[in-house]
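If you read the protein sequences in the order shown, they are chains A and B. Heads up, the first sequence is in this note's numbering, so the first residue is 5 and it goes up one at a time. Heads up, the second sequence is in this note's numbering, so the first residue is 24 and it goes up one at a time.
Treat the hints with care, since some could be wrong.
Calculated pairs, DSBU-like style, for lysine-lysine (alpha carbon to alpha carbon, straight line, at most 30 Å) [claimed, not checked]:
no., chain 1, residue 1, chain 2, residue 2
1, A, LYS15, B, LYS60
2, A, LYS75, B, LYS80
3, B, LYS81, B, LYS60
4, B, LYS80, B, LYS45
5, B, LYS65, A, LYS61
6, B, LYS65, A, LYS15
7, A, LYS18, B, LYS65
8, B, LYS45, B, LYS81
Derived by calculation from the structure, the hints in this document are not laboratory data.
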Amino acid sequence: DTGVSQDPRHKITKRGQNVTFRCDPISEHNRLYWYRQTLGQGPEFLTYFQNEAQLEKSRLLSDRFSAERPKGSFSTLEIQRTEQGDSAMYLCASADGDTQYFGPGTRLTVL
Amino acid sequence: GENVEQHPSTLSVQEGDSAVIKCTYSDSASNYFPWYKQELGKRPQLIIDIRSNVGEKKDQRIAVTLNKTAKHFSLHITETQPEDSAVYFCAASTSGGSYIPTFGRGTSLIVHP
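So that you can see chain A by itself, here it is in the shape it has in the complex (with noise of 0.2 Å):
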């Protein structure tokens, strides 16, 4: 499968834990994002990547959120000290050009 894979797909965790998600982008593509959905809205854009540099990330939800992409390849994303309203659908996107590919999004369910 050549397309964008994210891990896990599916993550339970107590309220007040870390939990970090993968992100393995198309291969030529430099750029990397990241979104969160909740049910009945469209994706909320978190922060993204060309190649390695981190370009916007103002938009990342609470300083509890940090992404990186270290060799420009794969992505994490990192929610510390996780809060019941942290759960949602994290989408990830590569691109090229304009258009996005999205991968199937890991679901964070917080107790």
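Add chain B to chain A, keeping to what the hints say.
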């Protein structure tokens, strides 16, 4: 920042009818407008897109129109089929700029056989 409004939130049609979903945007600098289809439990998938230098684009039963002056764009699906049932999202972004899209809230399309 950009604001994208999408209507209706739910659209129910009979198989074979046409469906139209409308979006408006606020930032006149936006020049790239993709539409995504998201089936239940699956990833959003691009179905068609349009750039601001054209007014209409068509791909088989799907078409998109853009009115830059009024800042609105629409998705048209003709001869709807049950497999068209999904949530459809519009988005607006600036090609060559930040490439950060703003999505609408989605339209749940239900096609009754």
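Hint-by-hint comparison with the structure:
no.	hint	in the structure
1	A:LYS15 - B:LYS60	24 Å, holds
2	A:LYS75 - B:LYS80	38 Å, violated
3	B:LYS81 - B:LYS60	16 Å, holds
4	B:LYS80 - B:LYS45	15 Å, holds
5	B:LYS65 - A:LYS61	26 Å, holds
6	B:LYS65 - A:LYS15	16 Å, holds
7	A:LYS18 - B:LYS65	25 Å, holds
8	B:LYS45 - B:LYS81	16 Å, holds
Checked against the numbered hints above, the structure breaks only hint 2 and satisfies the rest.
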